[in-house]
Amino acid sequence: MTPPPPEPATPPDHGTDDRRALREAAAWHTRLREGAGPADTREWQRWHAAHPAHQRAWERVQAVSAQLARIPAPLARQALGTPAVADGARRSLLRGTGAVLGAGAAAWVGWSALPWREWQATHRTARGERRALPLPDGSELALDTATAVDVAFDAEARELRLHAGRILVATHADPMRRPFRVRTPQGEVLALGTRFSVQADGGTTRVAVQEKAVRLLPAHGAPAELGAGQQATFTAMGAGPAAPADLSAASWRDGGLIALDMPLGRLVDELARYRPGLLLCAPEVAALRVSGAFPLDDTDRALAALAASFPVQVRYRTRYWVRVEPA
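Going by full-length UniProt numbering, the sequence shown opens with residue 1, and the numbers climb by one from there.
If you're looking for bench data, these hints aren't it; they were derived computationally from the structure. Just so we're clear, the structure is a prediction, and the values are computed from it rather than from any experiment. Be aware that one or more of the hints could be misleading.
As the list claims (entries may be wrong) - Pair by pair, the computed Cβ-Cβ distance ranges are:
1) Asp-154 x Ala-308: 26 to 36 Å
2) Ala-308 x Ala-222: 46 to 56 Å
3) Thr-41 x Ala-213: 13 to 23 Å
4) Ala-307 x Arg-178: 44 to 54 Å
5) Glu-225 x Thr-41: 19 to 29 Å
6) Pro-326 x Ala-39: 41 to 51 Å
7) Ala-243 x Gly-203: 15 to 25 Å
8) Gln-55 x Arg-178: 40 to 50 Å
9) Met-237 x Ala-308: 14 to 24 Å
10) Ala-307 x Asp-137: 40 to 50 Å
11) Val-151 x Pro-38: 31 to 41 Å
12) Gly-227 x Val-151: 35 to 45 Å
13) Pro-136 x Thr-41: 28 to 38 Å
14) Ala-286 x His-220: 25 to 35 Å
Think of the CB as a built atom: it goes at the ideal place given N, C-alpha and C, for glycine as much as any other residue.
Using the sequences plus the hints, can you model the full thing?
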């Protein structure tokens, strides 16, 4: 049986006002999706009614989110040779106990690129693999592709040490009142009763908050606080400005990548994190703005969706050397 046709992507919109509204709509979508209260709902209603651009942006966010919800488990895995992911496993991510998603023959290829320190981490995922597991205090941890993290809980603190990749954390109240923090080479992220993601991205740490708030503690810079629906990066010297959180910061846990007015080069870089070999984007099309919902467990299908909806082609020299180019 062949895979179903890819979900069509939403054409981009280049208006400055619409682009700003789109970022705000994405932040609202994240905030409402993760459990907003009556006050949040009233605030969203005021935002939605304030300007026609807000209404257009909200419709686009809802449409792209609906695309992601319609993506079924892949029916064929010719490129990676891995089994399809059960719908139940996708829904149970962050609620399951050690569920492994998207593993298979690509695991060894992914691990061959990780430094020795990351090999020794308490929990690891290979390229193309995602995993969810409970922590000793009842908090929940999800590991994205190619992630390495140590869990270090003791009588004084609850600490995660992120060496590589990206994690999503949902913290629980602790009877011992121990602080919950994520440590990276650039500093720490202190949870304030929250759900948030942390990504080790070269020399920076990227943080996005879905619920409540976190405090960023750069190793040699001033602290900063992020609230629900916000994201920021920080280095050892300090934190950058807060911005509306991308939907992609959390959509990976459900097996998809939501792109809203995203540069094609960045989208290709994100997809490359989930497949072995090289996936490249030609400079001529890297700035093309893309919106759509793309499956992470079948990146070849995601690339087919790009080629079907935008003026690009996908050139396969081998299954491990792929380039997105002008059509």
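Each hint, compared with the structure:
Under the hint 26 to 36 Å, the C-beta atoms of Asp-154 and Ala-308, about 52 Å apart, miss the expected range. For Ala-308 and Ala-222, the Cβ-Cβ distance of about 47 Å falls inside the hinted range of 46 to 56 Å, so the restraint holds. With their beta carbons about 19 Å apart, Thr-41 and Ala-213 fall inside the hinted range of 13 to 23 Å. In this structure, Ala-307 and Arg-178 meet the distance hint of 44 to 54 Å, their C-beta atoms being roughly 50 Å apart.
At about 23 Å, the CB distance of Glu-225 to Thr-41 agrees with the hint of 19 to 29 Å. The beta-carbon spacing between Pro-326 and Ala-39, approximately 48 Å, falls within the hinted interval of 41 to 51 Å. The supplied range of 15 to 25 Å is met by Ala-243 and Gly-203, whose beta-carbon atoms lie about 19 Å from each other. Range check, Gln-55 to Arg-178: about 45 Å between beta-carbon atoms, so the 40 to 50 Å window is met.
For the pair Met-237 and Ala-308, the beta carbons lie near 44 Å from each other, so the given range of 14 to 24 Å is not met. Range check, Ala-307 to Asp-137: about 46 Å between beta-carbon atoms, so the 40 to 50 Å window is met. At about 36 Å, the CB distance of Val-151 to Pro-38 agrees with the hint of 31 to 41 Å. Take Gly-227 and Val-151: their Cβ atoms lie about 26 Å apart, and the range 35 to 45 Å is violated.
Remark: the range hint 28 to 38 Å for Pro-136 to Thr-41 is upheld by a beta-carbon distance near 35 Å. In this structure, Ala-286 and His-220 meet the distance hint of 25 to 35 Å, their C-beta atoms being roughly 33 Å apart.
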